[in-house]
Amino acid sequence: MSTDVTDTPAPAELDGDLGLRMYRTMLECRLFEQRTHELFLAGLVRGTTHLGIGQEAVAAGFATAMRDDDYTFCTYRGHNHTLARGVPMTPILLELVGKQGALMGGKGGSMHLTSVEHGAMGSYAIVGAHLPIAVGAAWSAQYRGSGQVAVCFFGDGTTNIGAFHEALNLAVIWKAPVVFVCENNQYMEYTPIGAVTAVERPAADRASAYGLEPLVVDGNDVEAVHQMAQLTIDRARRGDGPSLVEALTYRHGGHSRADPGTYRPEEEVKAWLARDPIPAQRAALLKGGVGEEDLALIEAEVKAAVAVAEKAAREAPDPDPATAMTQVWADGGAAWRS
Amino acid sequence: MAELTYRQAVARGIGQEMERDPNVVMLGEDIGAAGGVFKTTEGLLARFGPERVRDTPISEQAIIGAAMGAAMTGLRPVAELMFSDFFGVAWDMVANQIAKTRYMTDGQVSLPLVIRTANGGGLRFGAQHSQSIESWTMAIPGLKVVAPSTPADMVGLMAAAIRDPDPVIVCEHKALFADKADVPDGELVEELGRARVRRSGSDATVVALAAMVPRALAAADELARDGIEIEVIDLRSLVPLDMTTVLASVERTSHLFTVEENPRLCGWGAEVVSIAAEEAIYSLDGPVVRITTPHVPLAANPVLEDAQMPSAERIATTIRATLEASR
Chain A
277 MSTDVTDTPA PAELDGDLGL RMYRTMLECR LFEQRTHELF LAGLVRGTTH LGIGQEAVAA
337 GFATAMRDDD YTFCTYRGHN HTLARGVPMT PILLELVGKQ GALMGGKGGS MHLTSVEHGA
397 MGSYAIVGAH LPIAVGAAWS AQYRGSGQVA VCFFGDGTTN IGAFHEALNL AVIWKAPVVF
457 VCENNQYMEY TPIGAVTAVE RPAADRASAY GLEPLVVDGN DVEAVHQMAQ LTIDRARRGD
517 GPSLVEALTY RHGGHSRADP GTYRPEEEVK AWLARDPIPA QRAALLKGGV GEEDLALIEA
577 EVKAAVAVAE KAAREAPDPD PATAMTQVWA DGGAAWRS
Chain B
42 MAELTYRQAV ARGIGQEMER DPNVVMLGED IGAAGGVFKT TEGLLARFGP ERVRDTPISE
102 QAIIGAAMGA AMTGLRPVAE LMFSDFFGVA WDMVANQIAK TRYMTDGQVS LPLVIRTANG
162 GGLRFGAQHS QSIESWTMAI PGLKVVAPST PADMVGLMAA AIRDPDPVIV CEHKALFADK
222 ADVPDGELVE ELGRARVRRS GSDATVVALA AMVPRALAAA DELARDGIEI EVIDLRSLVP
282 LDMTTVLASV ERTSHLFTVE ENPRLCGWGA EVVSIAAEEA IYSLDGPVVR ITTPHVPLAA
342 NPVLEDAQMP SAERIATTIR ATLEASR
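Taken in order, these protein sequences are the chains called A and B.
Per my numbering, the very first residue in the first sequence carries number 277; after that it's consecutive.
Per my numbering, the very first residue in the second sequence carries number 42; after that it's consecutive.
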């Protein structure tokens with residue numbers, strides 16, 4: 277099956293509003309996660325967190341190319357993707373701190389953020405699981421003729437698990453409207469991806485096995501990501517089937533809150549920090565004629581939103597323990613005897 | 042009233058629901074053009090077309106994962122796992138994803154899907170194509186589990202499973218596929234979580250499931266010749282579990298046996314007897330005995346497999362001996 281991208285129309289010019297929107301989205305992700313990390317260290321956020329600091333351009337570039345009713349499927353490193361679909365910060369933070377008003381009633385936690393009304397169809401914590409699930413959602417959209425597209429984000433480590441390969445094959449033979457996006461942040465947990473993968477580009481070098489074109493994008497360049505998103509999402513929406521995109525990016529921190537990431541060479545970290553997508557987009561916007569005061573306004577608004585969420589998180593009461601027994605079944609309960 | 046085989050009843054139940062609801066779709070290996078390796082889906086491709094009856098590659102994670110993705114976005118998929126042993130290949134999808142997603146999202150995601158699978162032994166297929174996995178699935182909160190024993194129940198329970206708003210595992214017993222019985226005409230829909238008394242008796246309650254039901258009934262015939270009348274309850278559904286019917290019977294008979302095809306440890310009968318111990322201990326006049334396959338893998342050789350699975354003879358002998366010792 278051929279999936280030539282050269283025959284697709286060039287994406288619309290990126291307008292100033294879009295650039296600002298993507299900047300705001302990235303900043304929301306960044307400031308939210310930074311504060312989350314601080315609250316974790318302060319003992320307010322429990323369990324574990326997997327931060328996507330440094331990878332915001334992938335989330336922002338794709339989310340801004342999606343229709344409101346498109347589906348996002350992402351991993352346990354899913355704060356960015358959930359925020360980027362427009363899910364408010366407060367219920368997310370309440371979920372992380374385990375208080376009333378939480379996005380999923382406190383039952384999911386950091387690794388399972390979901391907001392169906394925003395098209396955020398779940399954060400999946402078992403590597404690879406959501407790729408076939410995204411194919412199923414895309415198949416459903418195809419069957420219903422809804423024109424919806426599923427966008428499925430995953431890490432480089434996922435390319436070595438079976439579900440990745442099963443999902444790609446099924447998506448191609450069914451021509452499912454799904455875009456697979458590998459966020460190659462160079463490490464599968466603690467191990468360099470190159471040390472455990474047979475090919476250099478963990479996703480793109482596998483594309484040909486499924487008749488797909490290898491698509492690689494600079495995942496730290498939000499405008500490049502957005503163009504790639506438009507290209508692949510449009511292709512899926514008009515019935516031309518799935519794409520597999522490899523976005524090259526970098527995790528500024530460790531794998532999870534327990535990991536300081538000290539196994540990474542200092543020079544490598546330095547080089548990637550210098551390519552931080554957020555200052556890069558800020559500089560691009562200024563160069564494009566956006567005023568410093570416009571950016572300062574966005575920055576102030578995002579900071580204020582984080583502060584509002586934090587205040588809510590600090591003040592909200594604990595959940596009612598009785599809610600632990602709800603929503604196992606569609607009748608709202610947990611009964612297993614008739 | 043028409044005579045149907047248990048295997049034909051599978052297609053009848055699915056077809057009935059596909060006829061009334063365009064959101065019911067099917068996927069699985071060889072289910073379309075081939076009609077299923079057990080011929081349980083014969084005719085459905087011709088009736089409903091390839092958009093609704095989807096042949097898949099040998100990709101169990103993708104089959105069950107795709108069913109989940111379709112269910113959470115408005116369809117009612119019926120996915121086939123060719124052999125229930127293949128749950129081992131797709132267990133993440135079943136146990137981690139499908140079973141838990143409604144709960145973890147606090148009810149945002151509904152998963153009205155069915156996983157149907159050829160389950161059970163007796164066909165000399167060996168240890169990897171003969172297992173009774175119903176106890177695996179019932180151990181996971183969030184999954185409903187049914188195991189019909191007759192053609193009519195297959196139609197009605199399949200329909201109920203497809204209409205149910207939650208994930209349901211339908212265990213189709215391989216050894217019953219050729220069984221024939223009358224099935225009423227018209228729409229049949231059973232209720233999940235209702236056991237059925239297949240034979241009334243006052244001397245002991247015997248709870249069985251799927252292929253163990255006809256064996257328990259054969260044992261009942263044999264015991265009746267000695268004047269022992271056992272009550273045979275076909276549990277039909279493990280989740281929800283109908284202990285009301287079981288406990289009401291135990292109150293009358295004062296003796297309880299289970300007949301389980303699964304290996305001994307943690308079989309469904311362990312839950313049934315533990316509930317009876319908690320809630321009906323003062324009604325019992327003798328030991329509660331679980332008649333199961335021993336805790337070993339099933340063998341391919343007929344002599345060995347027959348020695349492993351509970352036979353009508355072993356069921357009758359065990360019940361007779363237990364009742365005599367309790368006098």
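Keep in mind the hints are simulated off the structure, nothing from the lab.
Note that the structure is a prediction, hence the values are computed from the model and not measured.
Careful: at least some of the hints might be erroneous.
Label pairs and their in silico Cβ distance ranges [said to hold, decoys possible]:
1. A:Ser484 / B:Ala75: 26 to 34 angstroms
2. A:Pro468 / B:Asp71: 49 to 57 angstroms
3. B:Glu228 / A:Pro468: 36 to 44 angstroms
4. B:Glu92 / A:Lys587: 37 to 45 angstroms
5. A:Lys451 / B:Gly115: 57 to 65 angstroms
6. B:Ile322 / A:Gly608: 42 to 50 angstroms
7. A:Val392 / B:Glu92: 50 to 58 angstroms
8. A:Ile402 / B:Glu228: 47 to 55 angstroms
9. B:Leu306 / A:Tyr466: 34 to 42 angstroms
10. A:Asp344 / B:Ala289: 35 to 43 angstroms
11. B:Glu92 / A:Tyr466: 30 to 38 angstroms
12. A:Tyr466 / B:Val344: 33 to 41 angstroms
Some residues of chain B that are not near chain A, with every Cβ distance over 12 angstroms (derived) [said to hold, decoys possible]:
13. Ser100
14. Ala108
15. Pro225
16. Gly227
17. Val280
18. Glu292
19. Val330
Where is the CB? At the ideal position from N, CA and C, for every residue including glycine.
Verification of the supplied hints:
{"no.": "1", "hint": "A:Ser484 / B:Ala75: 26 to 34 angstroms", "verdict": "holds, 30 angstroms"}
{"no.": "2", "hint": "A:Pro468 / B:Asp71: 49 to 57 angstroms", "verdict": "violated, 42 angstroms"}
{"no.": "3", "hint": "B:Glu228 / A:Pro468: 36 to 44 angstroms", "verdict": "violated, 60 angstroms"}
{"no.": "4", "hint": "B:Glu92 / A:Lys587: 37 to 45 angstroms", "verdict": "violated, 51 angstroms"}
{"no.": "5", "hint": "A:Lys451 / B:Gly115: 57 to 65 angstroms", "verdict": "violated, 19 angstroms"}
{"no.": "6", "hint": "B:Ile322 / A:Gly608: 42 to 50 angstroms", "verdict": "violated, 33 angstroms"}
{"no.": "7", "hint": "A:Val392 / B:Glu92: 50 to 58 angstroms", "verdict": "violated, 25 angstroms"}
{"no.": "8", "hint": "A:Ile402 / B:Glu228: 47 to 55 angstroms", "verdict": "violated, 39 angstroms"}
{"no.": "9", "hint": "B:Leu306 / A:Tyr466: 34 to 42 angstroms", "verdict": "holds, 37 angstroms"}
{"no.": "10", "hint": "A:Asp344 / B:Ala289: 35 to 43 angstroms", "verdict": "violated, 54 angstroms"}
{"no.": "11", "hint": "B:Glu92 / A:Tyr466: 30 to 38 angstroms", "verdict": "violated, 45 angstroms"}
{"no.": "12", "hint": "A:Tyr466 / B:Val344: 33 to 41 angstroms", "verdict": "violated, 53 angstroms"}
{"no.": "13", "hint": "Ser100", "verdict": "violated, 4 angstroms"}
{"no.": "14", "hint": "Ala108", "verdict": "violated, 6 angstroms"}
{"no.": "15", "hint": "Pro225", "verdict": "holds, 23 angstroms"}
{"no.": "16", "hint": "Gly227", "verdict": "holds, 25 angstroms"}
{"no.": "17", "hint": "Val280", "verdict": "violated, 5 angstroms"}
{"no.": "18", "hint": "Glu292", "verdict": "holds, 17 angstroms"}
{"no.": "19", "hint": "Val330", "verdict": "holds, 23 angstroms"}
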